[in-house]
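Protein chains in written order, with full-length UniProt numbering: chain A, 1 to 451; chain B, 1 to 377; chain C, 1 to 343; chain D, 1 to 253.
Source of the hints: derived by calculation from the structure; they are not laboratory data. For every residue, glycine included, the Cβ atom is placed at its ideal position computed from N, Cα and C.
A few chain C residues that don't get close to chain B, going by computed Cβ distances all over 10 Å:
hint: 1; residue: T75
hint: 2; residue: P76
hint: 3; residue: A86
hint: 4; residue: A93
hint: 5; residue: V96
hint: 6; residue: L104
hint: 7; residue: R208
hint: 8; residue: T211
hint: 9; residue: D234
Taking lysine-lysine and the PhoX-like style, the derived pairs with C-alpha atoms no more than 25 Å apart in a straight line are:
hint: 10; chain 1: A; residue 1: K105; chain 2: A; residue 2: K376
hint: 11; chain 1: D; residue 1: K109; chain 2: D; residue 2: K195
hint: 12; chain 1: A; residue 1: K172; chain 2: B; residue 2: K82
hint: 13; chain 1: C; residue 1: K150; chain 2: A; residue 2: K70
hint: 14; chain 1: A; residue 1: K376; chain 2: A; residue 2: K104
hint: 15; chain 1: A; residue 1: K224; chain 2: C; residue 2: K308
hint: 16; chain 1: D; residue 1: K169; chain 2: D; residue 2: K198
hint: 17; chain 1: D; residue 1: K74; chain 2: B; residue 2: K208
hint: 18; chain 1: C; residue 1: K150; chain 2: B; residue 2: K324
hint: 19; chain 1: B; residue 1: K208; chain 2: C; residue 2: K128
hint: 20; chain 1: C; residue 1: K56; chain 2: A; residue 2: K313
hint: 21; chain 1: D; residue 1: K109; chain 2: B; residue 2: K208
hint: 22; chain 1: A; residue 1: K70; chain 2: B; residue 2: K324
hint: 23; chain 1: A; residue 1: K376; chain 2: A; residue 2: K97
hint: 24; chain 1: B; residue 1: K324; chain 2: C; residue 2: K56
hint: 25; chain 1: B; residue 1: K208; chain 2: D; residue 2: K169
These stretches of chain C come out as covered by chain B in the derived footprint (C-beta under 8 Å, 3 or more residues):
hint: 26; stretch: 120 to 129
hint: 27; stretch: 132 to 141
hint: 28; stretch: 274 to 283
hint: 29; stretch: 309 to 318
hint: 30; stretch: 323 to 330
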Amino acid sequence: MTYSRKGMSRRTLIKTGLAGVLATGVSPMIFTRGAWAQEFCNNPTGDTVTIGLNLPLSGAYAEEGADEQKAYQLAVQHLNGEGDGGLINVLTPSALKGNGVLGKKVAFVTSDSQTKADVARAGATRMIERDGAIMITGGSSSAEAVAVQGLCQEMGVIFMAGLTHSNDTTGKDKKRYGFRHFFNAYQSGIALGPVLGQEYGADRRAYHLTADYTWGWTQEESIKAATEALGWETVQAVRTPLGAADFSQYLTPVLNSGADVLILNHYGNDMVNSLTQAVQFGLRDRQANGKTFEIVTPLISELMAKGAGENVKGIFGTSNWHWNLQDPGTVAFTKSFGAAYGSPPSQAAHTAYVQTLLYADAVERAGTFYPPEVIKALEGFEFDGMGNGATLYRADDHQCMKSVLVVRGNESPTSQFDVLNVVREVPREEVDYDPTIFGGELGPAEPAPMC
Amino acid sequence: MNTALISRNDLLLFLGFTIAVLAMPIWLQPFGAAYPDLMQRFAIYGIFALGFNILFGLTGYLSFGHAAFFGVGSYAAVWSFKLLTMDAVPALVFAVVIAGLFALVIGYVSLRRSGIYFSILTLAFAQMSYNLAYSVLTPITNGETGLQLTLADPRHLDRMMGVTGGSPTLFGQPLFGYAGFYFCAGLLIVAFFIAQRITGSPFGMMLKAIKSNQTRMHYTGFNTRPYALAAFVISGMYAGLAGAMLAITDPLAGAERMQWTASGEVVLMTILGGVGTLVGPVLGAWIIKYFENIFSAFNEGILHRTFAFLPDGVEDVVVTVTSKFVGEGWHLTLGLVFVLIVVFLPGGIMEGVRRLFNWARRPASVGRASPRTQPAE
Amino acid sequence: MFEVILLQFVNGLDKGGAYALIALGLTLVFGTLGVVNFAHGALFMLGAFCAVTFQKLITLETVTVDPTQLSPWGTPVEVREPLVQAWLGDFGAVLVNYSVPFSLLLAIPVMLIVGIVMERGLIKHFYKRPHAEQILVTFGLAIVLQEIVKAIFGANPIPQPVPADLRGAADIGAMIGLTPGIITYPIWRLVYFLFSAVVIAAVFAFLRFTTFGMVVRAGMADRETVGLLGINIDRRFTIMFGLAAVVAGMAGVMYTPLLPPNYHLGMDFLVLSFVVVVVGGMGSLPGAVAAGFLLGILQSFASMTQVKALVPGIDQIIIYLVAVVVLLVRPRGLMGRRGVMEA
Amino acid sequence: MTDNVVLHVADVHKNFAGLHALSDIDLSVEEGQTHAIIGPNGAGKSTLLNVIVGRLAPSRGAVIFDGMVLTGRKPYEINQIGIARVFQTPEIFPDLTVLHNVMIPALSKRDGPFRLNMMRTLDSETAIRQEAEDILADVGLHERRTTHAGALSRGDKRRMELAMCLIQKPRLLLLDEPTAGMSRHDTNTTIELLKKIKSRGMTKVIIEHDMHVVFSLADRISVLAGGRIIAEGLPDAVRGDPRVREAYLGGAH
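Start from the sequences, fold in the hints, and give me the full structure.
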């Protein structure tokens, strides 16, 4: 039962049932080499171009994954000229025409990454090897992002990272083929520091609970540096196991430690749980050193805030983006997403959407899908209108330099989505940093001979 | 049956298996699974399950911590790449030896108990390995991000030989794509052969006897502990081999491959395929990996295209219903498959195959007891 | 230092009680039916979602769409009126406030039905089958249950409120005459502890002092003989499974304010439950309680900075380390009987 | 007492939580003899057997076999010394074929307690296989050699277990009620079988309830009651001993 995929019409494919299902998602892997086409991985030759979405559809971050998927679908529609066009209308400068990318209709394939590095890599490999994906995007953790971007570097396929907040992604593990729009732990620290100083004063004693793995450590380090610069004292930094569920044994020592601020360097469900439990320990009703005890969650998203419910009220944190910003980009995107799905987008959805558009735009500007050219087009690209103000895709580390939001849990939400308030938009200049401080090497841009 | 090397039935099974494995790129085509990465995984997890079956299927000890050896194998292989050479052979050897030693220690302690107590001991050791690999052992494991190759790796042997290049090779031959698959397929076939020999050897019979009645073994003059330990170490080495192969085809070792869910996965593979059979665990591994990689990728777009021939309203209904079971709902299908298989085919898929086989041949041959009662001479 | 240790001890007791309660249903099923139930975590999770459902039901609102106003994401603004308060007035408000404890009223019958259906439909066919098959079928069932919950409730955790009067921490130090403000502990955790104690005691008394319990215990020892006496042991085993499901479900309901439940919750507690049950001794009720306290207290102390400084990462592995040590020193766990689950 | 005593149970006591299961047991079994141990239920017969094979450690005293102290050795070591045991409820390998059930003890005899011979095939063990088939022919199970042992009748299981012991050519064979629960016909077949192997010069210790079996096979008889040996001697002497009648046979005979 062997057959060449090339010779089959769509009709026949459908008739072959299961086989058809699988094969339709697949673009030809046997290249017809035209004189015009450079030779590289998955050079699209038909009238469609396929992008690969690596999403956590199962596991603890399935909600983020579902939201990202919605955003990607929306981005693909907009690129193909369907719907209201979304941010295509506000991106400046823009080479996007709303007729696909380089005239080719955009299609996508998906893979369930389960928020596991191994699985994410397997999924990315499948989408590259079998489904002919020209670009891989998505993800909900830094481990995933670092793993997949390493793979993409080897394969010569561009990776547009989704949710990843660790300094490593564009720091010591940065790759020429990997690009991150999301902000990072270091920027969280710089952005949050002044606001904390303003709200809670310069004389504070902080107690850190930190997720015991690389992301947690970088976050703790960044926040420590930022708060100590304010004059705060770090009483204690305690590492907690990933997925501990019950954090009470780490919270009891906080009570009589002499600290008056608790900083939770947790993410996702860990953060939801540790925050909920910390509030129940009465920490926020407590007085310490003559001040009201405070809790800070340096990285927070609206999904986490929803999970923590009431407990998040009045808590400070940072976000990459939030739907109730008032710039034209945000308004357009929120409207477009809301019209399609009936709810405002999360920051995961936003970064996913923007990454897709930025990639497509870079291809248009490069005039080719050839990755080294696309990389050149992305590196050092200055743009505006995507909801984060004027933004630079920094060439040195492929980190987007843009404003960062300091947010605070909403005391009186008007709807189930209205859980966070933007307290301050920290301008890009303030969260700028020297890309060399984290080391790492981007590696070569020439595509690997494989794939 | 006068050849001492291998019996006729075993030979046929082995040849059949070999052909099936080597022909994967052909027969997996209609299932959409005929791409190197997935076929490599089929081979790798096939080996993992084969080895697990030597412990669980033959000896009857249900380990819930085998992923630890798999993970240790991966880490060892990546370290071999980093420190020595990008060649696959030292990585494999190194991984198998380290995993074997690790299994020796854990097996020595865990085998002091049996039944569920043994299972929990192995689970505990594996979870400790996982938790430590994720956090405290980060200098060795690179924690959350996983151990990766970097340009700055010393690679002493390669330096000495003047070899450059950043991806795994076999005697200079790069191992991507189909080369990688045939490399894995070759190892799977060798692993299958060894498993088959073990099953058919006096040693294998002792393992089965331990599963059947340990008390009788003691009163028959056997010290069962070293037998069980040998089985444990062998299956640990299989797991280490599989882990190393995963690191060779994809040079990254992450802590989550040691988590209890990964250990549970190999248990499920084995039971799904058929405990104690040779082919069953491999089949089980293939099915679970197929679900994880292919079934999970059916999104609504693909479904709409598939059912495009239906009238619009019907199409929407069909797509809505189907999409609950594929794509992000693939776990649901997997769960249902487990329940159905174990309810209707307690011996796993292999029992289904056997039943089909018996059903097909029953009308033809009446006296089917005869072939095995023939004297061996 | 004294107060730190005392507080950690209180925390250990609290964790221990919770562990014992969470594992109770598992050890009941082990002890009476001899079934390795990998769906136990899913039952715990289902219980938690009974609380979610109850809360959603009593906070049902009439939604009137105001088409003149648009939300920022472009949909018409919805004006919501809570229904229960409209119907029941003040009692409605009490209901909303105490939604978690009240949802026990929903959880008990629901979990009983779930348990009975599970046992009659599936588990009873597996009493004589190998443990491996029990594991596969219950694991498959657990996946199915959690995927159904995910399809209904989504994957994000859903917070459940602590009743307003029980929020915050109680100063238990001051109650026993220590300096106020030193030994404080969340009220809801204390409630959970008391709840655990009551449920465990009730189950224990039920098995020890009722005819039903006696028959079940006799059935555990020798099923056939009890059957020969004309007692329908099967029916009682069904009820036992239902009871175990109810206990798991109640543990889940009351845990929701501490841990906003998501569909994955069950798997997170599955391994822990098994460790508690095995350390305690398979099927032993007092064993599970003892193991719960042992693990809780040791985990609590292992998480102290001072201890972690001595043994890095000890808090990551303490539970498993205790399991290994206990099983090597006491082959059948703390209070296990000989020959149970050793085949 | 003659010089060719092969098994000597010397002054063995066994207490279970203060309960005297065995006291002052002194027993000598001569090479080649069949020694029966009889006694009422709860007399301590099985406890004694368990002490001999190493399943239970005596509270005091020792078991000496051919000059070697057995006490403190593990069951498998005791088997390797040359002591095989038939259990009251057959301990066999129900999932394996009858032939394999019998080959396994033969391999134990040849290879010792542990050997990692995984690169040979079972089919190449022709000598062992032949030996097993011969023994199976002896016990009348040759036709059933490919059936799974679990499917055998109780009587056949017992005979197979006997074959599993005989193939090791043990120097001492311990039989725990070898005919318990058997029909009269099966009992007689088993007696014939045991008589047949008597000529092979194997020493046997039999625990038995059935007097018909005991008096058909035993060379010497020890009578156990209340954990003590109350009489010992040749069958006829024991039969006539009034203490035995009182303790064991009661008034019935």
